[in-house]
Amino acid sequence: MKILIWIIVAIVIVGGLFWFMSGDSNNSSNDSENQQNSGNTDTLSENGRVIDTDDKVFEEIDEALTGLG
Amino acid sequence: MIKRALVISAISLILMSAFALAAGTSTGNARVRDVPSATTADSTVTTCEDKETLKDRIKCRFENKEVAVREAYNATEEACRSSADEKKERCRQFYKNSAKCFNSASPVEKKKCFLKESGININAGGTFRAAPDETKRNYVVLLLYELQEKIEAKQEQGIITTDQATSLVTKIVEIKKLILSGAKRSDIVPKIQEFKKEFREVMTSSEVSQ
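Chains as they are written, first to last, in this note's numbering: chain D, 1 to 69; chain C, 1001 to 1210.
Derived by calculation from the structure, the hints in this document are not laboratory data.
Cβ-to-Cβ under 8 Å is the rule here; a few derived chain C residues that face chain D:
no. : residue
1   : 1107
2   : 1108
3   : 1128
4   : 1133
5   : 1139
6   : 1140
7   : 1143
8   : 1146
9   : 1147
10  : 1150
11  : 1192
12  : 1203
Some, not all, of what chain D presents toward chain C, calculated at C-beta under 8 Å:
no. : residue
13  : 52
14  : 58
15  : 60
16  : 65
17  : 68
Being a predicted model, the structure only gives us computed values, none of them experimental. Quick reminder that beta carbons are idealized off the backbone N, C-alpha and C, glycines included.
With the hints as constraints, model all of the structure from the sequences given.
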């Protein structure tokens, strides 16, 4: 009986750890998807800039403001 | 024996799920982001709306995350506040509709969403430059909001100080107000340059100190 209970506890803890690990691996998958997408931006806008860094966000702001009447 | 096992299981599950907490933003706009649950809130503060200046309200929200979350769902976004009623409602709707864009992890999808919510129809044979001014203004507001999100995240992680984050977000809100009020480009650009300079100084100093 005791062994059975400890097995259940172990399953809960190990299951929880796997849950965490799968969350991390999902984030990693998203990161690699982002990197792949960075090279394919033709349909996005006139110049196709990808706003993945602070500098690029500033460049995008500058360009949008340039076109402002 | 059974009780002890159950207690250990429960504690394990609680510890594992303790990191997910709804968080708001410093400017009273409703967004949900994962932040560490151990935020240092002053339990005596129940609202930041009673602070007179924009800067004080923003600082208060940085220092009291729970208040910021609550007010994010009840208060009007700071950038929309000085507008007339009809404009204010449009501004609120714009923020509400564009909130989903920030859930996108992909910068490409995020940009698509920004353009769509700004009203820039890039698939109609038009170009960015040909888009109406109002849509471009909306787009710049969303780009500034993207920077604001990064500042808030860095403050939450302790990478930059609350004072640094407060100063930067205050500048962002002032620029957003200017843009949404229809100010001329020549009035907006110097403010953006000033903000950019401070943003880069803060980010560089945070990288050096790490």
